[in-house]
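*Asks:* Sequence:
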Amino acid sequence: MTPEEICRRLGEKKTKEIFHALTSEAMKKVLREAKIPTNRMASHTSTRKRNDDWANRVWRGLSERALTTTAATLLFEWLTRTRRPMLAEFLTALEVPHEDGLTDADFMQTAAPEKLCEVGKKLLEGAHDKKEVAAYLLFLDASNKSEVFAPLELDKVLGVAPPAEASTA
0 MTPEEICRRL GEKKTKEIFH ALTSEAMKKV LREAKIPTNR MASHTSTRKR
50 NDDWANRVWR GLSERALTTT AATLLFEWLT RTRRPMLAEF LTALEVPHED
100 GLTDADFMQT AAPEKLCEVG KKLLEGAHDK KEVAAYLLFL DASNKSEVFA
150 PLELDKVLGV APPAEASTA
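Be aware that the sequence shown starts at 0, since it is given in numbering that gives the first Met the number 0, and climbs by one per residue.
Keep in mind that the hints are not guaranteed to be accurate.
To be verified - Restricting the straight-line Cα-Cα distance to at most 27 Å, the calculated cross-link-like pairs of lysine-lysine (DSS-like) are:
| no. | residue 1 | residue 2 |
| --- | --- | --- |
| 1 | K15 | K129 |
| 2 | K114 | K129 |
| 3 | K114 | K28 |
No wet-lab data here; the hints were simulated from the structure. Computed from a prediction, not measured in an experiment: that's the story for all the values here.
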């Protein structure tokens with residue numbers, strides 16, 4: 000599953016939530032990937048309105064076009080900035096050295112696929128949001144051009160993409 004498909008399956012509401020969880024620096028990284036200008040517009044009367052506009056534009060782009068690098072950047076920034084405890088739990092269970100969930104180790108290539116699946120399944124059954132765990136594991140597969148987590152049927156955890164929600168902007 001591609002990064003943009005992961006975002007589409009998470010749906011508009013969750014994808015915008017993910018975008019809003021980022022720092023403005025990370026938001027701008029995502030916007031640059033999507034080729035969306037980061038300059039303030041007259042309608043941006045507050046930071047919240049600016050961020051809402053940016054989130055709407057990112058979602059529109061992801062839902063209408065193949066923006067793999069934009070979706071990958073969005074998911075990477077979100078995971079590494081806001082979901083580090085989940086990443087740390089996964090890496091610790093794999094016995095991969097890490098710094099608060101971040102590692103340079105090539106664990107997807109060095110760990111046995113069975114072990115990765117076993118640890119992924121435990122993470123999925125743990126305390127973290129199941130859809131967020133599924134998004135993380137699917138993102139690992141997408142980033143490594145693998146299908147290590149296919150036996151976990153993570154697409155079923157994400158479910159079908161929710162229908163497009165009416166824009167409130």
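*Asks:* So, for every hint listed, does it hold in this structure?
*Replies:* Right, here's what the structure says about each hint:
A C-alpha spacing of about 18 Å is found between K15 and K129, which places the hinted pair at or below 27 Å, so the restraint holds. Distance check on the hinted pair: K114 and K129 sit about 19 Å apart at the alpha-carbon level, within 27 Å; holds. A C-alpha spacing of about 33 Å is found between K114 and K28, which places the hinted pair above 27 Å, so the restraint is violated.
Of the numbered hints stated above, the single one contradicted by the structure is hint 3.
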